[in-house]
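Chemist: Sequence:
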Amino acid sequence: MGARFSAFRLAVRRIFSESLPGAVLGKRTSRVISQQLDQAMRVMSVALIAQGAGAALLIASLWSAGSHALLISWGIVVILTIIFSIEYNHLFFADKNRVARIRGWIRVGIAHSFVTGITWGFAGAVFPSLGSEYTLAASVSAVIGVALGSWPFYAMWLPGLAIFTFLALFPTGLSILLNYFHTSQGFVAIFFFIVIGVILYSGRRLHDLILSSILTETENRKLLQKLARERNAAEAARRTAVREGQKRQEFFRAANHDLRQPLQAMAIYLQILKKKAPADIAPVVQQLSLCAGSISNLVEQILEVSRITADTLAIQRELVPIPEYFEKLRQECAPIARARGGTFVIRPLDYKIDTDPALLSRVIRNLVNNAFKYSDKEHPIVILAARRRAKGLIQICVYDNGPGISREDREKIFHSFYRGEAGRKAEGFGLGLAIVKGICSRLGIGLSMGSLPGKGSVFRLQLGASTITEPLALSPRGQAKKTIEFRDILARILYLEDNRTVSDSVKALLESWGATVRVSPFLDDGLLEEMKAFRPQILLTDFDFGEGAPNGIESCLKLSHALKTSVPTVILTAVPEDMIEREWQKQLPHRALAEMPEILRKPADEEKLNGALWRMFETKGPDFAAPSGTSQAAEPALKG
200 MGARFSAFRL
210 AVRRIFSESL
220 PGAVLGKRTS
230 RVISQQLDQA
240 MRVMSVALIA
250 QGAGAALLIA
260 SLWSAGSHAL
270 LISWGIVVIL
280 TIIFSIEYNH
290 LFFADKNRVA
300 RIRGWIRVGI
310 AHSFVTGITW
320 GFAGAVFPSL
330 GSEYTLAASV
340 SAVIGVALGS
350 WPFYAMWLPG
360 LAIFTFLALF
370 PTGLSILLNY
380 FHTSQGFVAI
390 FFFIVIGVIL
400 YSGRRLHDLI
410 LSSILTETEN
420 RKLLQKLARE
430 RNAAEAARRT
440 AVREGQKRQE
450 FFRAANHDLR
460 QPLQAMAIYL
470 QILKKKAPAD
480 IAPVVQQLSL
490 CAGSISNLVE
500 QILEVSRITA
510 DTLAIQRELV
520 PIPEYFEKLR
530 QECAPIARAR
540 GGTFVIRPLD
550 YKIDTDPALL
560 SRVIRNLVNN
570 AFKYSDKEHP
580 IVILAARRRA
590 KGLIQICVYD
600 NGPGISREDR
610 EKIFHSFYRG
620 EAGRKAEGFG
630 LGLAIVKGIC
640 SRLGIGLSMG
650 SLPGKGSVFR
660 LQLGASTITE
670 PLALSPRGQA
680 KKTIEFRDIL
690 ARILYLEDNR
700 TVSDSVKALL
710 ESWGATVRVS
720 PFLDDGLLEE
730 MKAFRPQILL
740 TDFDFGEGAP
750 NGIESCLKLS
760 HALKTSVPTV
770 ILTAVPEDMI
780 EREWQKQLPH
790 RALAEMPEIL
800 RKPADEEKLN
810 GALWRMFETK
820 GPDFAAPSGT
830 SQAAEPALKG
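Each residue of the sequence shown is one higher than the one before, counting from 200 in the working numbering.
Since the hints were made in silico from the structure, they are not lab data. Fair warning: there could be bad hints in the mix.
Simulated DEER-style distance windows between Cβ atoms [as the list claims (entries may be wrong)]:
id: 1; residue 1: 544; residue 2: 805; range: 34 to 40 Å
id: 2; residue 1: 689; residue 2: 729; range: 46 to 52 Å
id: 3; residue 1: 230; residue 2: 795; range: 52 to 58 Å
id: 4; residue 1: 442; residue 2: 306; range: 54 to 60 Å
id: 5; residue 1: 546; residue 2: 729; range: 44 to 50 Å
id: 6; residue 1: 441; residue 2: 647; range: 31 to 37 Å
id: 7; residue 1: 417; residue 2: 244; range: 51 to 57 Å
id: 8; residue 1: 805; residue 2: 442; range: 47 to 53 Å
DSSO-like mimics (lysine-lysine), calculated; alpha carbons at most 27 Å apart, straight line [unchecked claim]:
id: 9; residue 1: 763; residue 2: 785
id: 10; residue 1: 446; residue 2: 295
id: 11; residue 1: 527; residue 2: 576
id: 12; residue 1: 636; residue 2: 654
id: 13; residue 1: 295; residue 2: 425
id: 14; residue 1: 636; residue 2: 572
id: 15; residue 1: 757; residue 2: 785
id: 16; residue 1: 706; residue 2: 757
id: 17; residue 1: 807; residue 2: 706
id: 18; residue 1: 226; residue 2: 421
id: 19; residue 1: 572; residue 2: 446
id: 20; residue 1: 421; residue 2: 295
id: 21; residue 1: 527; residue 2: 636
id: 22; residue 1: 731; residue 2: 763
id: 23; residue 1: 706; residue 2: 763
id: 24; residue 1: 446; residue 2: 473
id: 25; residue 1: 807; residue 2: 757
id: 26; residue 1: 295; residue 2: 226
id: 27; residue 1: 572; residue 2: 527
id: 28; residue 1: 226; residue 2: 425
id: 29; residue 1: 654; residue 2: 576
id: 30; residue 1: 706; residue 2: 731
Please read all numbers here as calculations on a predicted model, not as lab measurements. By construction, the Cβ of each residue, glycine as well, lies at the ideal position given by its N, Cα and C atoms.
Make a model of the complete structure from these sequences and hints.
Modeler: Here it is as structure tokens:
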């Protein structure tokens, strides 16, 4: 309590003590006090109504007790006080620079609190002594009513509340205490002082709430201003980057044209010179041709590196079948292999990759060209192979049987203009692998290498992160250039679908692939008992079966628990995938035996459905024994 009083006393001294040396209100303090006074002014009308009504009722109640001149004089003072308050309010809101002049408004506010407090303190001190208990009750009620009515106004600013409360209520309390302490009305004085304490405490709490909201609003405003500045700065930076990008594009277009033109002319002139040159200068012309070719290659590579560095490469992704893509690369790289007397071998996978085929071709051609160029073998061999990795990723590797790369060179081999020990023996500028690294970075392809000196090297392209892969047989229709062949699904399938039209058509399709199908609108206890005999190898199910029926995830879990093994599941539904995944997360405690189902969105074509069922059964299908009554011959092995 003592600490709070000391803090309050310090605040009062800071506000009143203009004469103290160095007592200057900071900008933040000035803004906060200005906002407090602003909030107070907005509720001043409530205080003025309370004062006007209280004065009128008090004069009317005490008129019969006499002292008309005193009542009239006091009423005039109340009216003047109200007029002063209205003018104070008007001038405050009219002042657009009130934050800078906050000290003046503090003085006016203090004066207002003094005048109003003394006016009502006089009424509370004098009027109770005019006569009967009736005048006492009227006076006390009027003063308390005015104090409570004015409380929201003065509580906005704590010094004003303290001044008004002490000046208005303490004289009334002291008057009651002195006049009635030894009478039966003494309890009124005690009650009155309790009211004073409640008003002061409540006012302090309201003041703290208002001050907290003002400070929070101020901080929020600062944050919004900072956010606006940062947004404007980011927008300016974006516009600058766009302009710089446009300038770079214009530069590269101009450089591409202006550098190629003289090189093209040089090549033509050299061809003419070759035809007309005498035999004694033919070797010189040949050397000039080689130099011109080297300059042309260098310019091309420098422009390529510059485009990558400037981030001006346009990326056009598409699904690319690996077998056809590798065959095209084999044809393109065959002349390089023949020129070196080597062999170029491709080993594709029956998959598609999502990438930019033109940019990826540059990468692979660079790697293949380097492998042949730097080989020290009489018969170099380069292998381009695609490999499956974990999580459905594809890795494309370029193997060679060259001299290998030393450990020291591996750290720097992707740097621009760096040529390793093997590279110094061949032509080039050390930009090929820098281009490879830049393109891979733009395509989101992981690039790594391995090497054994004297044995050969391998460069690996990990298609992941920003790329996707999918089996060729599951790709959308119309993109594969060969006829799609559906695989036989010789499995027992439980199909849950509550739409009869859909279930009939899908059942017929599944049976055309050789499946044994049981169809039900949803999973219940009776069907679970039947499944213990049927032993389904795949569950194909919708997700939403309506209220009261287990959904697709719950059906998968119930079936797996009933059969005591994981049943591979495909959910064929129109429900969004994220909703299904959230339901799977909710079932965490119950999914020990089951694995996350594969999700197909309706409408799914035959290719996707066939591929999903085959993939599920091939990789996860349980090796159930055939159910009773089913010939084992009808259940051939599916994993061969």
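Chemist: Hint by hint, say whether it matches the structure.
Modeler: Consistency of the hints with the structure:
The supplied range of 34 to 40 Å is met by residue 544 and residue 805, whose beta-carbon atoms lie about 35 Å from each other. At about 21 Å, the CB distance of residue 689 to residue 729 disagrees with the hint of 46 to 52 Å. For the pair residue 230 and residue 795, the supplied restraint of 52 to 58 Å holds, since their beta-carbon distance comes to about 57 Å. The hinted window of 54 to 60 Å between residue 442 and residue 306 holds, with their beta carbons roughly 56 Å apart.
Checked against the given bound of 44 to 50 Å, the beta carbons of residue 546 and residue 729, roughly 48 Å apart, stay inside it. Remark: the range hint 31 to 37 Å for residue 441 to residue 647 is upheld by a beta-carbon distance near 34 Å. Under the hint 51 to 57 Å, the C-beta atoms of residue 417 and residue 244, about 26 Å apart, miss the expected range. Separation of residue 805 from residue 442 is about 51 Å and conforms to the stated range, judged on CB atoms against 47 to 53 Å.
Straight-line distance between C-alpha atoms of residue 763 and residue 785 comes to about 21 Å, which keeps the hinted pair within the 27 Å bound. Taking the CA atoms of residue 446 and residue 295, the gap is near 48 Å; set against the 27 Å cutoff, the hint is violated. For the given pair, residue 527 sits about 26 Å from residue 576 by alpha-carbon distance, which is consistent with the 27 Å threshold. For the suggested pair residue 636 and residue 654, the alpha carbons sit about 24 Å apart, so the restraint of at most 27 Å is met.
For the proposed pair residue 295 and residue 425, the alpha carbon gap of about 24 Å is at most 27 Å, so the pair holds. Distance hint between residue 636 and residue 572 is fulfilled; the C-alpha atoms sit about 19 Å from each other, no more than 27 Å. Straight-line distance between C-alpha atoms of residue 757 and residue 785 comes to about 15 Å, which keeps the hinted pair within the 27 Å bound. Our distance criterion of 27 Å between C-alpha atoms is met by residue 706 and residue 757, whose separation comes to about 22 Å.
Distance hint between residue 807 and residue 706 is fulfilled; the C-alpha atoms sit about 16 Å from each other, no more than 27 Å. For a cut-off of 27 Å, the pair hint linking residue 226 to residue 421 stands: about 14 Å separates their Cα positions. Distance hint between residue 572 and residue 446 is unfulfilled; the C-alpha atoms sit about 37 Å from each other, more than 27 Å. Proposed proximity of residue 421 and residue 295 is supported: the alpha carbons are some 20 Å apart, at most 27 Å.
With a C-alpha separation of about 22 Å, the suggested pair residue 527 and residue 636 falls inside the 27 Å cut-off, and the hint holds. Taking the CA atoms of residue 731 and residue 763, the gap is near 10 Å; set against the 27 Å cutoff, the hint holds. At most 27 Å may separate the alpha-carbon atoms for a hinted pair to count; residue 706 and residue 763 meet this at roughly 26 Å. A distance of roughly 40 Å separates the Cα atoms of residue 446 and residue 473; the hinted pair therefore is violated under the 27 Å criterion.
Pair hint residue 807 plus residue 757 holds up; C-alpha atoms about 26 Å apart against a cutoff of 27 Å. About 15 Å separates the Cα atoms of residue 295 and residue 226, which keeps this hinted pair within 27 Å; it holds. Taken as a hint, the residue 572 and residue 527 pair is honoured in the structure, with Cα atoms around 21 Å apart against an allowance of 27 Å. Restraint check for residue 226 and residue 425: satisfied, since their Cα atoms lie roughly 18 Å apart, inside the 27 Å limit.
About 10 Å separates the Cα atoms of residue 654 and residue 576, which keeps this hinted pair within 27 Å; it holds. Note on residue 706 and residue 731: the hinted pairing holds, with a Cα-Cα distance of about 21 Å set against a maximum of 27 Å.
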